[in-house]
Structure formats: C-alpha cells, structure tokens
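Visitor: Please model the complete structure; the sequences and the hints are all you need to start from.
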Amino acid sequence: SQKIEQNSEALNIQEGKTATLTCNYTNYSPAYLQWYRQDPGRGPVFLLLIRENEKEKRKERLKVTFDTTLKQSLFHITASQPADSATYLCALDGNNRLAFGKGNQVVVIP
Amino acid sequence: NAGVTQTPKFQVLKTGQSMTLQCAQDMNHEYMSWYRQDPGMGLRLIHYSVGAGITDQGEVPNGYNVSRSTTEDFPLRLLSAAPSQTSVYFCASSGTEFFRYTFGSGTRLTVV
Chain A
1 SQKIEQNSEA
11 LNIQEGKTAT
21 LTCNYTNYSP
31 AYLQWYRQDP
41 GRGPVFLLLI
51 RENEKEKRKE
61 RLKVTFDTTL
71 KQSLFHITAS
81 QPADSATYLC
91 ALDGNNRLAF
101 GKGNQVVVIP
Chain B
111 NAGVTQTPKF
121 QVLKTGQSMT
131 LQCAQDMNHE
141 YMSWYRQDPG
151 MGLRLIHYSV
161 GAGITDQGEV
171 PNGYNVSRST
181 TEDFPLRLLS
191 AAPSQTSVYF
201 CASSGTEFFR
211 YTFGSGTRLT
221 VV
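Sequence lines, in order, name chains A and B.
Note that this note's numbering has the first sequence beginning at 1, numbered continuously upward.
Note that this note's numbering has the second sequence beginning at 111, numbered continuously upward.
None of these hints come from the bench; they were simulated from the model.
Small disclaimer: the values here were computed from a predicted structure and weren't measured.
Among the clues, some could well be false.
What the hints assert, rightly or not - Here are the simulated EDC-like cross-link-like pairs (lysine to aspartate or glutamate), alpha carbons at most 20 Å apart as the crow flies: (1) A:K71 with A:E52; (2) A:K102 with B:D148; (3) A:K57 with B:E207; (4) B:K119 with A:D39.
What the hints assert, rightly or not - Ranges between beta-carbon positions, derived for each pair: (5) B:R187 with A:A79: 43 to 49 Å; (6) A:Q72 with B:P193: 34 to 40 Å; (7) A:E52 with B:Q132: 34 to 40 Å; (8) A:D67 with B:L189: 42 to 48 Å; (9) A:R58 with B:D183: 34 to 40 Å; (10) A:G16 with B:K119: 33 to 39 Å; (11) B:G173 with A:E5: 39 to 45 Å; (12) A:Y28 with B:R218: 26 to 32 Å; (13) A:L11 with B:R154: 20 to 26 Å; (14) B:K119 with A:Q72: 34 to 40 Å; (15) A:S8 with B:R218: 18 to 24 Å; (16) B:Q127 with A:N27: 35 to 41 Å.
Backbone N, C-alpha and C define an ideal beta-carbon position, used for all residues, glycine too.
Guide: Shown next as structure tokens:
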C-alpha cells in the first residue's frame with residue numbers, strides 16, 4: 001500500500017539551530033513533492049515544491065532535498081526562530097491528487 | 111481577499127442530521143478537494159474535482175456527497191451524520207500545475 005511517513009515525535013530545537021525533518025514514502029512515483037506548514041486551528045499553507053529531477057530547493061531559510069532513489073525528502077529550517085514553531089506536512093502527487101503525511105511538529109525553544 | 115472561503119467555521123449536529131459544508135474559491139482554480147483531519151490520522155482526502163461537472167472519490171468518501179456545478183463552488187454534503195464524522199474539514203483548491211493547494215480555514219464539525 002502507499003505510505004507517506006513523517007516522524008510522529010515533536011522536534012524540540014534551540015533557537016538559532018537547524019531543524020531537519022524527514023519524509024519517507026513507499027509505492028509512490030511522484031513527479032514532485034511539496035511541504036506545507038500548519039499552525040493550530042488553521043489550514044495548511046504551501047511552502048515549497050521540488051520536482052523529481054531537482055535535488056535541492058531553497059527559499060529564504062528553508063531548504064528541501066529530494067532523493068527519488070531513497071524515496072525520501074529532507075526539510076531544513078536554518079537559523080530557526082520561535083515563530084517557526086508549527087507542524088510541517090509533506091505531500092506527494094498521485095493519480096491527480098495530493099496525499100499528505102501526518103505531519104511533524106517543530107517546537108523552537110528561545 | 112483572494113482565497114478559499116469555508117462556511118460555517120463551527121457546527122454541531124445530531125446523529126442522523128444532514129448538512130452541507132460550503133466552499134468557494136475566487137482564484138479560478140480547476141482543482142478542488144475536501145480533506146478531513148483527525149488527530150493522529152493526518153489529512154485524508156474525501157472527494158476531489160478536476161473541473162466543473164467532474165468529481166471523484168478520494169480515500170474516505172463514504173457518507174459524503176459532492177457536486178461541482180461551477181468552477182468557484184464545491185460543497186460537501188453529509189447525508190446522515192454519524193459521530194465518526196466528527197472532524198475538522200478543509201477545502202483546498204489548486205491551479206492546473208503541480209497541485210499547489212490553497213486551503214480554507216476549516217470547519218470544525220462535532221456530531222453528537
């Protein structure tokens with residue numbers, strides 16, 4: 001069956017450090033992978049998209065890598081700030097629709 | 111403001127009641143989807159639409175109906191509410207490239 005796996009344990013990280021989240025998938029052949037941010041009580045917000053032929057994508061303090069051989073994406077927040085505290089969702093396309101991982105909570109400690 | 115508008119924000123239903131969750135977008139997006147989000151389960155796709163007049167089932171369609179008579183609107187109908195449908199419902203829309211979704215703010219539904 002198809003699976004998108006993200007770490008269920010919250011990541012607690014000191015302000016200024018780099019937070020790294022992992023997204024692993026099975027039985028998908030995505031043309032692209034996306035990352036979203038979700039704050040409590042709100043809908044997810046699109047952050048970054050990376051295509052299957054791209055190894056790395058950056059946006060300000062965010063960096064995403066995509067390894068189709070390992071079937072894995074890494075999401076990095078550099079110089080993390082308390083305002084980065086949120087849940088981050090990985091999403092893959094499949095059959096003309098978007099499937100999401102369960103999300104990984106990040107808590108940035110001042 | 112451009113975006114996805116969901117109404118109502120909160121709703122309490124009794125078991126067996128029916129209701130419609132409204133979703134409207136003003137970005138002329140072709141793709142629209144309904145997800146439900148439950149603790150520990152993540153976002154699960156209920157129904158989706160690739161354009162006006164076209165809908166299809168997602169991962170958890172039972173107990174829900176949709177229609178897409180216009181590009182802008184994609185209502186979700188609960189036919190006979192059950193406690194298992196207690197959840198937060200999100201509507202999302204996307205243009206035709208890459209399914210870069212814009213989400214609404216959600217409807218928190220409780221079925222008692």
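Visitor: Take the hints in turn and mark each one as holding or not.
Guide: For each hint, the structure was consulted:
1. A:K71 with A:E52: holds, 10 Å
2. A:K102 with B:D148: holds, 10 Å
3. A:K57 with B:E207: holds, 18 Å
4. B:K119 with A:D39: holds, 16 Å
5. B:R187 with A:A79: 43 to 49 Å: Holds - the Cβ-Cβ distance for R187 (chain B) and A79 (chain A), about 46 Å, lies within 43 to 49 Å.
6. A:Q72 with B:P193: 34 to 40 Å: Holds, at about 38 Å.
7. A:E52 with B:Q132: 34 to 40 Å: holds, 36 Å
8. A:D67 with B:L189: 42 to 48 Å: For L189 (chain B) against D67 (chain A), whose Cβ atoms are near 44 Å apart, the range 42 to 48 Å holds.
9. A:R58 with B:D183: 34 to 40 Å: holds, 37 Å
10. A:G16 with B:K119: 33 to 39 Å: Holds, since G16 (chain A) and K119 (chain B) (Cβ atoms, about 37 Å apart) stay within the stated range.
11. B:G173 with A:E5: 39 to 45 Å: violated, 27 Å
12. A:Y28 with B:R218: 26 to 32 Å: holds, 30 Å
13. A:L11 with B:R154: 20 to 26 Å: At 23 Å between Cβs, range holds.
14. B:K119 with A:Q72: 34 to 40 Å: Holds, since K119 (chain B) and Q72 (chain A) (Cβ atoms, about 37 Å apart) stay within the stated range.
15. A:S8 with B:R218: 18 to 24 Å: For S8 (chain A) and R218 (chain B) the Cβ distance comes to about 23 Å; the hint holds.
16. B:Q127 with A:N27: 35 to 41 Å: At 38 Å between Cβs, range holds.
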